[in-house]
Amino acid sequence: MKYATFVPEAMVVAGAVALVLIGRFRPAQRRRLRARLPAGAAVVLLVAFGVELYAGANVGSYFGGGLVQDRLALFAKAAGLLAAAVAIAVADWPSEESPALALAMTLLAVFGLMVTASAGDVVGVWAGLELAGAAGVGMLAVRRPDLGLRLLVLGGAASAMTLLGLAYVYATAGTADLLGIRQVLIGAAPTLPLALPVLLLLGALAFRAALTPAQVAAGPMLPPASPLSSGLVVGLVAAAALVATVKVAAALSPVSGVYSPYLEVVAALAMVGGGAAALGVRTPRARIAFLAAGQAGWVLAGVATHYRGGIGSAVFLLGSFAIAAMAGPAVMGATGLAEAALAGMGTLRPHRAAALALALLSLAGAPPLAGFFGEFAVGSALAQSGHFELLALGLLGTTFSVIAALGTLRVMFLQNPVDEARRGGAALPVWTRLSAAAAIALCVVIAGYGLLANPILSLATQGAEGLGLR
Amino acid sequence: MLDRLAGIVTAVSPTPLPVPGAGIFQSSYLLSISIWVPVLVAVGIALMPNPRGRYDTIIKQIAFFTNLGLMFIMFIAYNQFQAFLPNVQYEEKVTWLPSIGAVYHLGVDGPGILLLVLSGVIGIISVLASIGIRERVRSYFALLLLAQACITGAIAAHDLFVLVLFWSAATVPIALLVLGWGGPRREAAAWRLAAYWGAGSLVLVLAVMGIYVASGASSFDMDVALKSAVGPRAQVIVGAAVIIAAATRLPLFPFHGWARDLYSEAPIGVIVLVGGSATRLGAYLVLRLLVAAEPDGARLLSPLIAALAAVTVVYAAVAAMRAADLRHAGAYLALVPGGVTALGLAALTPLSITGSVLALFTGGMASALIASIFATVSDRAQTRSVALLRGIAPRMPKLAWLTVLAALGLLGVPMMASFTADLMTFFGAFKTQPVGAFAVAAGLALTAVALAVVIQRVMFGEPNPEAPAVSDASLGETWYLALLAGALLWVGLVPGGPKLPGTDTPLFDPGLLNVMVADVPEIAAPYTGAGP
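Protein chains in written order, with the numbering used here: chain A, 1 to 470; chain B, 1 to 532.
Hint data in this document are derived by calculation from the structure and do not stem from the laboratory.
Every value quoted in this text rests on a predicted model; they were computed, and no experiment measured them.
Glycine included, each C-beta is placed from N, C-alpha and C at the ideal position.
Beta-carbon label-pair distances, calculated as ranges: (1) A:Ile440 to B:Leu68: 26 to 32 Å; (2) A:Gly280 to B:Pro49: 33 to 39 Å; (3) A:Ala57 to B:Pro98: 18 to 24 Å; (4) A:Val418 to B:Gly53: 16 to 22 Å; (5) B:Pro465 to A:Val418: 41 to 47 Å; (6) A:Val430 to B:Arg322: 55 to 61 Å; (7) B:Pro254 to A:Ser98: 56 to 62 Å; (8) B:Glu135 to A:Val153: 48 to 54 Å; (9) A:Ala189 to B:Thr95: 39 to 45 Å.
Based on the provided sequences and hints, a complete structural model is requested.
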């Protein structure tokens with residue numbers, strides 16, 4: 001029973017392999033099978049989520065320290081599994097190509113996130129991150145091979161930077177083990193030769209997290225992609241990168257001077273830039289991507305505090321971020337391509353409209369939703385650590401974000417439905433019992449996150465404590 | 001008169017006796033009920049099927065009876081409120097986020113109970129003023145109830161985190177109400193509201209974080225955070241932030257940019273809600289977070305508040321006089337009570353603060369009445385142009401009477417509730433803020449001139465044959481306007497307020513301030529010998 005902790009990983013990998021095989025050997029014409037695949041994948045993820053909560057509570061180290069199960073791993077894995085399950089169930093499957101492959105790639109990305117969260121050394125962090133990134137590339141390439149290729153090239157550059165940075169950290173510390181690195185660096189001086197590769201590493205992670213500066217390069221790829229693949233890149237891959245950032249930053253915390261100022265600048269740019277860019281764009285999918293970038297900036301701001309309370313709050317926010325950013329693009333389906341296509345969604349698809357509204361507002365940080373609680377917790381950590389300027393910039397970004405989210409809500413709820421012919425090829429998502437139930441579940445999760453904030457934040461803080469932070 | 005008023009506030013508070021009305025309604029969750037019931041009803045309304053508006057009337061009835069029930073609860077709460085007890089009442093405390101020190105802590109003190117009553121009355125009047133809504137009725141009333149819940153939550157909050165939560169949350173439903181059901185320039189009105197209130201929320205969060213850190217960063221609970229010893233420098237910084245946050249909501253010059261567009265473009269139900277209760281939260285914030293909690297900061301910043309109050313009142317009067325749009329004139333005039341309330345808070349004397357607390361109630365009523373009546377007149381006259389509207393009183397006698405009553409209520413003439421509030425405010429303020437008090441009084445005189453000019457021209461001038469046809473207020477409009485005017489008259493004539501026989505909490509009783517300012521000796525001095 002020692003390895004029962006990894007049952008969820010095994011379920012996710014088995015599910016992904018089965019889906020690839022189904023996609024390869026079962027003709028796509030089998031409609032009934034096609035229709036049941038998303039529900040099946042969602043059930044697998046939900047069961048894995050339940051097992052994770054039950055078995056993942058056992059803290060331990062496995063495979064010679066290569067993988068560790070701590071509270072951070074439990075939290076991040078549970079959040080990833082739940083986000084993927086809800087996003088798959090709520091997605092508009094007629095607007096997705098090759099459901100089997102899309103589902104398999106989503107499961108693979110979840111597995112990548114789980115590996116990153118459990119990684120005990122830098123190799124695991126890198127491998128998990130690349131796995132999640134590769135799943136994103138694969139999914140984008142299903143619809144637009146050119147975009148997939150572009151992301152592959154950009155992602156490859158980020159991967160190389162990550163590897164270079166991690167290699168230098170390994171060379172400096174003499175160990176790949178994250179806790180070992182931390183032990184070695186205690187008492188070390190924050191020198192320039194150490195700072196440069198660390199900045200390279202964190203720059204690559206910022207790209208993976210789709211933060212606003214990186215959005216300039218990665219952003220245009222999202223609107224033409226399929227809804228679920230957008231959610232995958234904006235939500236799961238970004239969450240994996242943020243988890244990696246938390247782990248690497250915790251390992252480097254003894255020399256926080258080499259990265260804190262940089263993280264603060266990137267966080268400020270992401271928070272303000274994300275909100276301002278969300279205000280500037282009209283396409284709902286691009287808007288949600290920028291809102292997510294703004295909230296990722298808040299997560300990074302929490303990490304920049306480099307103490308337990310701040311990183312615990314950042315992890316707490318990460319949970320709500322993963323769910324809203326992953327499910328948001330999925331729930332809007334093809335209507336995310338043009339603002340006008342969302343007109344009247346509140347009347348015609350009330351469940352989806354409510355779920356999308358809550359996801360948008362949560363990513364914007366509007367009260368009393370999940371994102372607000374997370375941002376407030378990070379804000380209190382910033383205040384405690386004296387980062388009032390970062391807090392003010394974050395609040396400015398949040399103000400922009402809320403106004404941007406209101407713009408989309410206005411179209412959804414206050415404009416009359418347009419003729420289908422005028423939707424510009426962006427048909428409203430289909431209504432199914434599964435998607436309606438998932439939309440309601442998404443509403444409950446986002447609205448209920450605040451009610452259950454105490455146990456969730458406690459778990460997140462224990463996660464930060466498990467990283468050896470004070 | 002001055003001696004009598006001074007006597008009221010210098011009298012030692014009596015030992016609290018069991019209130020005869022107490023025990024009629026017992027609930028440990030009274031405040032939670034008043035916050036979360038409207039939220040649940042709003043969600044229910046939003047999910048209710050309403051094909052082709054078939055159940056529009058039922059939805060309106062649900063909203064009305066929900067508010068009626070809440071108003072009943074709030075009146076009972078008011079009557080059972082023990083004015084002279086030295087603690088907050090109807091307290092609820094549940095651990096929420098212990099790792100950052102946030103607690104779901106609700107409770108009301110004197111000004112809080114007064115604002116709750118105001119919120120209850122305004123809630124029901126805003127529903128009555130919205131009866132004419134025909135489009136997307138379900139969404140409208142769901143958002144209206146959510147906005148009311150946010151306002152009640154901000155009043156009842158006794159934890160800074162809960163306060164920020166409800167204070168900020170109110171922006172979303174109100175902005176959506178303006179966007180969806182406003183006039184031709186609704187987009188500008190809604191975005192301005194979102195920007196100003198969003199900026200106010202931003203500054204409030206900074207102030208709250210400042211208080212949190214200055215008090216040891218252990219708790220957002222007001223019982224802890226506001227009672228910790230904070231240095232004068234921190235008090236001034238936090239106080240300035242509180243003033244800015246409050247000024248965006250009350251609003252005070254120069255943070256009033258949203259008010260003209262909102263009052264002139266929003267549907268009348270929303271005008272009543274915003275003018276009546278949402279804006280009063282600004283003054284309540286200054287009272288709670290600055291005057292009662294940061295005495296050094298309040299003392300140092302009081303000239304700034306007085307200056308903002310004076311500029312606001314003078315600016316509002318001049319702008320109303322120059323306005324070519326009747327609804328704009330109403331919007332500017334609705335700023336005046338906020339300035340008077342702020343003056344009372346700036347003066348920092350027991351008499352002026354008691355006046356300000358009463359002005360929270362009377363100012364809300366007067367602002368809502370003046371803005372909504374000018375909006376109704378312009379609707380009924382089919383034009384907003386002051387140049388076109390002349391001599392319409394004979395064709396709309398009910399509205400003409402109500403407009404005159406609104407003007408009297410705004411100016412604080414005897415027999416109107418605002419008279420008592422203004423009198424206490426000015427008598428208290430002349431002691432410590434003579435320049436500010438004089439300037440606000442001059443502004444009120446200008447307001448009287450502005451009102452006389454507008455009313456004379458629009459109501460009693462030579463009729464304009466080219467003006468569109470005019471009709472008098474409908475029964476529904478008469479009801480909600482008369483309720484607002486009636487509340488001002490009732491409290492003016494019977495200052496004891498709407499109390500059950502035998503209970504002892506008149507609206508302007510200085511004992512209502514006991515809890516809030518108990519830690520500020522110079523304000524609380526008359527009560528030091530009070531009850532247990």
